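Number of protein chains: 2
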Amino acid sequence: MPKKDGISLSVIKRLPRYYRFLGMLLQDGTTRISSKELAQRMKLTASQIRQDLNCFGGFGQQGYGYNVESLHQAIGKILGLQRHLPIILVGAGNLGKAIARQMDFDEAGFELIGIFDKSPEVVGRVIRGLTVQDASELEAFCITHHPVVAILTIPREAADSMAQMLVSRGIKGFWNFTTHDISHQLDPSITVENVHLCDSLMTLCYQVNDQLFPDED
Amino acid sequence: MPKKDGISLSVIKRLPRYYRFLGMLLQDGTTRISSKELAQRMKLTASQIRQDLNCFGGFGQQGYGYNVESLHQAIGKILGLQRHLPIILVGAGNLGKAIARQMDFDEAGFELIGIFDKSPEVVGRVIRGLTVQDASELEAFCITHHPVVAILTIPREAADSMAQMLVSRGIKGFWNFTTHDISHQLDPSITVENVHLCDSLMTLCYQVNDQLFPDED
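Residue numbers (the numbering used here), protein chains in the order written: chain Y, 7 to 223; chain H, 7 to 223.
Check each hint, because a few of them may be wrong.
Note that the list lumps identical chains together, so a pair holds whenever it fits in one copy or between two copies.
Claimed, not checked - In the EDC-like style, the derived pairs of lysine to aspartate or glutamate whose C-alpha atoms are separated by at most 16 Å in a straight line are:
{"no.": "1", "residue 1": "Lys124", "residue 2": "Asp140"}
{"no.": "2", "residue 1": "Lys42", "residue 2": "Glu163"}
{"no.": "3", "residue 1": "Lys19", "residue 2": "Asp34"}
{"no.": "4", "residue 1": "Lys124", "residue 2": "Asp205"}
{"no.": "5", "residue 1": "Lys42", "residue 2": "Asp193"}
{"no.": "6", "residue 1": "Lys42", "residue 2": "Asp205"}
{"no.": "7", "residue 1": "Lys83", "residue 2": "Glu113"}
{"no.": "8", "residue 1": "Lys42", "residue 2": "Glu143"}
{"no.": "9", "residue 1": "Lys42", "residue 2": "Glu113"}
{"no.": "10", "residue 1": "Lys19", "residue 2": "Asp140"}
Worth flagging that the hints you see were computed from the coordinates, not collected in a lab. Keep in mind it's a predicted model, so treat the numbers as computed, not measured.
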């Protein structure tokens, strides 16, 4: 199925969720599913699902529904998961280490090829089979190994200069865990996916407070 | 400023970002800012900003702009950050430990009061001044200490039953890091803020692949 141009970011952001739900269905042994049933499970409308999948040429057959395995595979291919792009982790503090250890990079379309930190306490340690390298070796590593995506788990103050250096060495995308929005100073062709954990926690704070104290401001 | 009813989730989700940007401006010594300037920094339009803030009664003065400190304080109060709701962490594996160590709970409106795990290797360890307690003590802890929010960093299979038990013991909100959508089986009054790291990484995968291989599907 050919990819159409100009697919909105909101559709793209729903694709991993489809992929995840279909993966669970597969694990449960479900071989086919109607858009109505998939919609119920995903808390979307059936027409929303049909619309989303039509952006990529449509799947599903009238009266049959979707073949779970082939739809799962097709969405994985649309996401480009099969390419296993080389990714590096910059900043092996608490969060960086947890991400390196816990994330299923293979499942998410990447191969973790390097971990970097500047702290002597961390450099030399082995995390997930990779020896943490000194940050001073990062630039040379990029020239030799051509990573295309970098995970930033470094202090906010260091984010801008690090991002600029990495872009100059061929990095095309960032998974940004710093509280700093790095995108404003980068070329628009560079993708930045921000994970603002503190924003997420504050949103939860608002909603729970609103539930507990509805009449107060 | 009185809170209006029925404020959309998209506005609410932008509030932490306003709070963060205003906090940085404060740190930089900026005392006032026009909606136009704030818009440029935040990559929003000035009218979007005025609209958002009007949901809460409006701030800003014609010709003066916003007083950074009072707007920052006001948004913090809207978010309910001053209440420091008691929060517990359930699951002290790699990610749980990193969150316990790294998050600024005070800043995000919470006080971390308990950490739980079922692994004997982790129980008894001290993380951020709190001794990790055995998961079997969790229910009794809830009855005594009344946490209102729980961070779930446990395996996906355990998420549903854990969430149900916690809700029965007074938990009103979840910060859910499991790949499982727990909300479908909970009362709608319970807030669930999902952090799907794998979805976020897959979205990045799509976008970088789209940039690198624009003509392939």
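These are the hints, each one checked on the structure:
In this assembly of identical chains, Lys124 and Asp140 lie within 16 Å of each other by CA distance solely inside one copy; the values are 5 Å within and 35 Å between copies. Proximity of Lys42 and Glu163 under a CA criterion of 16 Å is satisfied in neither setting, with 48 Å inside one chain copy and 25 Å between copies. When the C-alpha separation of Lys19 and Asp34 is checked against a cutoff of 16 Å, the pair qualifies neither within a copy, at 24 Å, nor between copies, at 34 Å. Taking identical chains as interchangeable, the C-alpha atoms of Lys124 and Asp205 are never at most 16 Å apart, the minima being 27 Å within one chain and 29 Å between chains.
In this homomeric assembly, Lys42 and Asp193 never come within 16 Å of each other (Cα to Cα): the closest approach is 41 Å inside a single copy and 23 Å across copies. In this assembly of identical chains, Lys42 and Asp205 lie within 16 Å of each other by CA distance neither inside one copy nor across copies; the values are 33 Å within and 23 Å between. In this assembly of identical chains, Lys83 and Glu113 lie within 16 Å of each other by CA distance solely inside one copy; the values are 12 Å within and 40 Å between copies. Taking the shortest alpha-carbon separations for Lys42 and Glu143, neither the intra-copy value of 53 Å nor the inter-copy value of 42 Å comes in at or below 16 Å.
For the homomeric pair Lys42 and Glu113, neither the shortest alpha-carbon distance inside one copy (27 Å) nor that between copies (42 Å) is at most 16 Å. Within a single copy, Lys19 and Asp140 get their C-alpha atoms no closer than 34 Å, and across copies no closer than 37 Å, so neither meets the 16 Å cut-off.
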